[in-house]
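In case you want the letters, here they are:
Protein chains: 2
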Amino acid sequence: MGSSLITKKRIAKSLKQLMKQKEFEHISITEIMKYAQMRRQSFYTYFIDNDDLLEWIFETELKEQVSDNLAYISSEQLIEQLCFFFSDNHYFYKKLFALDRQNRFRQYFDSYCETVIDKYLTDHANFEIDDTKREIFKRYHATAISGIFHQILREKTTDRTALKVLAKTVTTCLAGSLFAIKK
Amino acid sequence: MGSSLITKKRIAKSLKQLMKQKEFEHISITEIMKYAQMRRQSFYTYFIDNDDLLEWIFETELKEQVSDNLAYISSEQLIEQLCFFFSDNHYFYKKLFALDRQNRFRQYFDSYCETVIDKYLTDHANFEIDDTKREIFKRYHATAISGIFHQILREKTTDRTALKVLAKTVTTCLAGSLFAIKK
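So the sequences go chain by chain: A and B. Using full-length UniProt numbering, you'd call the opening residue of the first sequence number 1 and step up by one each time. Using full-length UniProt numbering, you'd call the opening residue of the second sequence number 1 and step up by one each time.
So here's chain A without its partners, still in its complex pose:
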């Protein structure tokens, strides 16, 4: 399992590198494996096809960025880190969402954004909020941060200072809203 993950990541890295230069639809398995310096046939030990690989990268990266971090960093750090992550990987995620005909990735992504807001509420809401308001708060801000991440992808913002201001303004909006809900 350990070595399988390492190999999968090697293949994934190869696809991500190739996507910097060309469109996903024009990338063949032969190319991916050549770039990874591996035998073409080995691809099928790990993935069914290109789409399967794309999906695996998406799920694995979001899991690493969001789920695996939940217990270790504050929600403010998580939001800033996600801004940096999407900025660094904008070429990949922008293309991925453009391919997303059935809004499958988008829905998956939005559910991760809800997880981020859930964490924010767990970190900070040391008081009772009624369930309806909590649900509205969660969806309201999850949609908003999803929009912010998509904006980072569109605008290809890479300036770290600008991204920090963005993340800080977002968490300020969140903090203010939570404080107002509390009253």
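Mixed in with the good hints, there may be bad ones.
Since the list can't tell identical chains apart, any single copy or any two copies may satisfy a pair.
Computed cross-link-like contacts, BS3-like style, restricted to lysine-lysine with a CA-CA straight-line distance of at most 30 Å [stated by the list, open to error]:
1. 16 <-> 156
2. 8 <-> 182
3. 168 <-> 182
4. 22 <-> 8
5. 13 <-> 183
6. 95 <-> 9
7. 8 <-> 183
8. 119 <-> 133
9. 156 <-> 133
10. 95 <-> 133
11. 94 <-> 138
12. 156 <-> 182
13. 34 <-> 119
14. 119 <-> 183
15. 182 <-> 13
16. 13 <-> 156
17. 133 <-> 94
18. 182 <-> 119
19. 95 <-> 138
20. 138 <-> 34
Simulated from the structure, these hints should not be mistaken for lab results. Note that the structure is a prediction, hence the values are computed from the model and not measured.
Put chain B on the given structure of chain A with help from the hints.
Structure of chain B alone, referenced to chain A:
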């Protein structure tokens, strides 16, 4: 011009009524005009085709609901009124967004949501906010309220009390965020 608007609205009402029963793609101009009790040929005096009519309804209604109200009601009232409006017209807008292959309607809609947040800022921000933060605030909350309106369409919420709680929670989030940005 006055009578032209009345006739256009009559034709529009006819399409909207028919869309309660069947899909847009299956509605013919003959049907629309029969329902409106008008001659089929008159349709072309006002609209090019079904799509043109659909677009006209969308633009005209949003203009009436948002732009025309900007000077007369508070942003809180505007948000509540929009919640009621989308709830009352969910059958129409839900189908319209489902037809929206190039996200044309969605983009137009989001720009109206930005207008609502702009009004909120004009109504309440009696202090200086730097341009970057103002822009982030605007996009953040515009995306969030757009998400809330789309949720109303999806869930077909019609309970007025629930919609009032929704609108109130949204404006509380907005107020809190603005207060926090101010500090």
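Inset, instruction - Identify every previously stated hint that the structure contradicts and give their numbers, smallest first. - result: 2, 5, 7, 13, 15 and 20
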